[in-house]
Amino acid sequence: MRRATHAVRATDRRTSPWRGLWFIIAAFFVVFLPTAAPASAQGDGSQVNVEEHDQNVVVNVRYNNEPVADVRIVVSGGDYEAEAVTDDRGQVRVGVPTTDPYEVLLDEETLPEGVTVEGDNPITVAYGSQFFAPANFFLGEDVRETASFMSQFVERLFNGLNFGLMLALASIGLSLIFGTTGLTNFAHAEMVTFGAIMALWMWNLGLPILLAIVVAVIASGAFGWAFDATLWRPLRRRGIGLVQMMILTIGASLAGRYIFLIFIGGGTSQLPGTGGVKHQIIGPIKLSTIDMVSMALSLIVLLAVSYWLLRTRIGKATRAVADNRQLAAASGIDVERVTRIVWVIGGALAGLSGVLWAYFRPGIKWDMGVQILLLIFAAVVLGGLGTAFGALIGSLVIGILVETSTLWIPSDIKYVGALGVLVIVLLFRPQGLLGRRERVG
Amino acid sequence: MNWGSILDNTASFMLSPETIGFMLAALGLAVHFGYAGLLNFGMAGFMAIGAYGYAISILSFGFPWWAGILVSIVGAVIFAIILGIPTLKLRGDYLAIVTIAAAEIVRLLFQSRVFDEWTNSADGLGGYHTSFREANPLPEGTFGFGPWEFTSDQWWSRLFGLFLVALGLLLVWLLMRSPWGRVLKGIREDEDAVRSLGKNVYLYKMQALIIGGVLGALGGVVIALPSAVIPQYYLPSLTFFVWTALLLGGAATLFGPIIGAVLYWGVMAFLAGVLPAMATEGWLPISSTAAGNLRFVLVGVALMLLVAFRPQGLLGNKKEMTFVK
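In order, the protein sequence lines correspond to chains A and B.
This note's numbering numbers the first residue of the first sequence as 47 and each following residue consecutively.
This note's numbering numbers the first residue of the second sequence as 76 and each following residue consecutively.
Quick caveat, the hints were computed from the structure, so don't treat them as lab data.
A hint or two may mislead.
Over the 12 Å line for every Cβ pair with chain B, so calculated as not near, a few chain A residues [said to hold, decoys possible]: (1) T358; (2) V381; (3) T450.
Here are the simulated SDA-like cross-link-like pairs (lysine to any residue), alpha carbons at most 25 Å apart as the crow flies [said to hold, decoys possible]: (4) K164/B - L288/A; (5) K393/B - R282/A; (6) K393/B - D100/A; (7) K164/B - G463/A; (8) K393/B - V376/B; (9) K394/B - L281/A; (10) K324/A - R202/A; (11) K362/A - A275/A; (12) K164/B - R475/A; (13) K394/B - T205/B; (14) K274/B - L237/B; (15) K394/B - K324/A; (16) K164/B - P254/B; (17) K164/B - E395/B; (18) K394/B - R257/B; (19) K393/B - L281/A; (20) K260/B - V152/B; (21) K324/A - S194/A; (22) K164/B - D267/B; (23) K393/B - I286/A; (24) K362/A - I264/A; (25) K164/B - N370/A; (26) K394/B - R282/A; (27) K324/A - Q198/A; (28) K164/B - Q477/A; (29) K260/B - V376/B; (30) K164/B - E266/B; (31) K393/B - K332/A; (32) K393/B - R279/A; (33) K332/A - Q477/A; (34) K164/B - D369/A; (35) K393/B - V289/A; (36) K260/B - G463/A; (37) K164/B - G481/A; (38) K164/B - F398/B.
Where is the CB? At the ideal position from N, CA and C, for every residue including glycine.
Bound-form chain A, shown alone (with noise of 0.2 Å):
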């Protein structure tokens, strides 16, 4: 019930004036929240006449790739009409007679404000080998009036340092992990979604939110020693060869996956507070609230590592034990010990990085943490695998290259120009940006 008084809350935003241009996967920042609409719209009209005839027209009506429940759909053709409303799954099926085409009409007046059909529409649906092709309706803002390129580059620069320091919470910890076991641990997207999702439920516990991103960070935590404890420490003792381990943490990482999938289901559940009114900063810099207590908390947390790393006598041992570990050990340092330690501030880490991430994506999901494995596998390399610095640097450029480079290119391949700098940058300096030559073997 309190999460959906939040999400109506949140549905009178109108941001981002350049991007109606663009498709789908619009920008990340806006927010409106189309499921979680309140309970009692859904489900209700949504299916019509499908007892009745054989053949269904399917409808899909989405919004930065989530579903738009409550829109009103009308299916016609020859002299056959039909209407339903759109499910919390933003979708409409409707038994049509013939296995003629269908025209599917999408009532704008229906739609949330702000928002338009991006293409057709009407719609015409053919018959197809065994059903009718599914119409989907791709939704976009209707603002259309253009900003310069100066003040649009300067927002996305600001909200790709956002994300940039979103992702470096989630790549230091994977990066000092590789360091002290050489492991690649790909279910470090698992550990990620694992915050996000404790944050939640701490929440629907009734925990205020701040208190919940609190217990869910210690979980992840304890989560990340209890991962070490259970699997990896005695596959370590074992002496299992470390391709065999990272083949092991992608089917821990398919395991945890399906595991949330079970747990929360297919759909995206919001943390309360998301979204809200963007304040105007300087000049062209508009950001949330949350915008802004995310990129503090990031830094701070970020400092805090690197005093730790750098200043205490324990963050000291772990880069001596990332940079050599049967040195370290030679000169008695608890490898263990450190190992342990570096688990549960890689899975803390991670968790937080999971609640930033439910902010910014925004949305909690089963497979989250997996839509951004690779950009903090990117930011990792591009700083050199196993130097947590370099995968804060690292973070910073990928999470900058991502949000910028959607001035130039679609929104729904801006992943690509980052994965494409992974490749690149392997093929110029294998070593990353702080990395020494000889890691790379």
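Keeping the supplied structure of chain A fixed, place chain B upon it in accordance with the hints.
Chain B in isolation, oriented as in the chain A frame:
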């Protein structure tokens, strides 16, 4: 619970185009990983290129079906070369990350609305079957026995797929018993030793990447032959499902990929029937949809157990897997 229909479905699925496509993809992965020691985590990219190469050349350019397959093969060769140039000199885990990233780039490009005219973006492609079905030499009607009763067109795509599997097996068998194959296995065991014998290790790895990639692309074609091409199918998890099938059968064996694919899909189809039925009967405390997803959790766990306890798979010899370290 209807055991008859569950077992029937399972048996039928073990001879589905998807299973046959997995045989080819796993065979390609065996060339990469089992024989050359290359950690290719981008098999989904090769499969996507195979499927899209076939579908686009028929739909957009009006090629006949066999020319579509040739386009897929050429596409896979080009992709393998582009992928191999920056990565084959790198250590295994770098190769893994780059191949998975490259496969995602391929998927995102196919899914993007930029190339909507050819790829139909997120909706994927369908309706390219006419040319292939016209080439069907089988008589009309439905034939077969037991759970394997299919229409003429269904048989044609299955038999053609099995023909490709047989060709692939012959190719891999001949290659791996040739001097070329022995050098490849040598690279797998100790790259530096082979290099010191004056062999061009890079070139051998590249050739292995191309051959395995072409087999993967053919797997993508076989899966797409009777159905449709949808970009969401080619997620990185597809690669890992192929890996599971390969490691199940045995990575460095000739028939391991084949048996692995059949077993993998047999178990998956069985669980897809049994788990939701168990949930409906109230034996599992979750909804039947969630129970259906439980099988992917089991895939992950099976992959972990296999790698930890039996890395050589069902058919393999443990001595052949010493390179996995």
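Going down the list of hints, with the structure as the test:
1. Non-interface status of T358/A relative to chain B is upheld: no Cβ of that chain comes within 12 Å, the nearest being about 29 Å off.
2. Non-interface status of V381/A relative to chain B is upheld: no Cβ of that chain comes within 12 Å, the nearest being about 20 Å off.
3. Distance check for T450/A against chain B: the nearest CB is about 18 Å away, which clears 12 Å, and the non-interface claim stands.
4. Of the supplied pair hints, the one linking K164/B and L288/A holds, its CA atoms being roughly 18 Å apart against a limit of 25 Å.
5. Proposed proximity of K393/B and R282/A is supported: the alpha carbons are some 20 Å apart, at most 25 Å.
6. Using a Cα cut-off of 25 Å, the hinted pair K393/B and D100/A is violated, with the two alpha carbons roughly 56 Å apart.
7. Distance hint between K164/B and G463/A is fulfilled; the C-alpha atoms sit about 23 Å from each other, no more than 25 Å.
8. Among the hinted pairs, K393/B with V376/B is consistent with the structure: their alpha-carbon atoms are about 21 Å apart, no more than 25 Å.
9. The straight-line distance between the Cα atoms of K394/B and L281/A is roughly 20 Å, inside the 25 Å bound, and the hint therefore holds.
10. Only pairs whose Cα atoms come within 25 Å are accepted, and K324/A paired with R202/A is accepted, the gap being roughly 14 Å.
11. A threshold of 25 Å between alpha carbons decides the hint, and for K362/A with A275/A the separation of about 23 Å falls inside it, so the pair holds.
12. Of the supplied pair hints, the one linking K164/B and R475/A holds, its CA atoms being roughly 12 Å apart against a limit of 25 Å.
13. Note on K394/B and T205/B: the hinted pairing is violated, with a Cα-Cα distance of about 48 Å set against a maximum of 25 Å.
14. Restraint check: the Cα-Cα separation between K274/B and L237/B comes to about 35 Å, which exceeds 25 Å; the hinted pair is violated.
15. Pair hint K394/B plus K324/A does not hold up; C-alpha atoms about 62 Å apart against a cutoff of 25 Å.
16. Under the criterion of a C-alpha separation no larger than 25 Å, the hint pairing K164/B with P254/B is consistent with the structure, at around 22 Å.
17. Straight-line distance between C-alpha atoms of K164/B and E395/B comes to about 23 Å, which keeps the hinted pair within the 25 Å bound.
18. For the hint pairing K394/B with R257/B, the CA-to-CA distance comes to about 16 Å; that is within 25 Å, so the pair holds.
19. Under the criterion of a C-alpha separation no larger than 25 Å, the hint pairing K393/B with L281/A is consistent with the structure, at around 18 Å.
20. Proposed proximity of K260/B and V152/B is supported: the alpha carbons are some 22 Å apart, at most 25 Å.
21. With a CA separation close to 19 Å, the supplied pair K324/A and S194/A stays within the 25 Å bound.
22. Simply put, K164/B and D267/B have alpha-carbon atoms about 12 Å apart, close enough for the 25 Å limit, and the pair holds.
23. A hinted pair counts as satisfied when its Cα atoms are at most 25 Å apart, and K393/B with I286/A qualifies at roughly 14 Å.
24. Restraint check: the Cα-Cα separation between K362/A and I264/A comes to about 23 Å, which is no more than 25 Å; the hinted pair holds.
25. Our distance criterion of 25 Å between C-alpha atoms is met by K164/B and N370/A, whose separation comes to about 23 Å.
26. Pair hint K394/B plus R282/A holds up; C-alpha atoms about 21 Å apart against a cutoff of 25 Å.
27. At most 25 Å may separate the alpha-carbon atoms for a hinted pair to count; K324/A and Q198/A meet this at roughly 15 Å.
28. Restraint check for K164/B and Q477/A: satisfied, since their Cα atoms lie roughly 12 Å apart, inside the 25 Å limit.
29. As the CA atoms of K260/B and V376/B are separated by approximately 29 Å, the hinted pair breaks the 25 Å bound.
30. For the proposed pair K164/B and E266/B, the alpha carbon gap of about 11 Å is at most 25 Å, so the pair holds.
31. Our distance criterion of 25 Å between C-alpha atoms is broken by K393/B and K332/A, whose separation comes to about 60 Å.
32. Taking the CA atoms of K393/B and R279/A, the gap is near 24 Å; set against the 25 Å cutoff, the hint holds.
33. Our distance criterion of 25 Å between C-alpha atoms is broken by K332/A and Q477/A, whose separation comes to about 37 Å.
34. A threshold of 25 Å between alpha carbons decides the hint, and for K164/B with D369/A the separation of about 23 Å falls inside it, so the pair holds.
35. At most 25 Å may separate the alpha-carbon atoms for a hinted pair to count; K393/B and V289/A meet this at roughly 15 Å.
36. Among the hinted pairs, K260/B with G463/A is inconsistent with the structure: their alpha-carbon atoms are about 36 Å apart, more than 25 Å.
37. A distance of roughly 17 Å separates the Cα atoms of K164/B and G481/A; the hinted pair therefore holds under the 25 Å criterion.
38. A distance of roughly 17 Å separates the Cα atoms of K164/B and F398/B; the hinted pair therefore holds under the 25 Å criterion.
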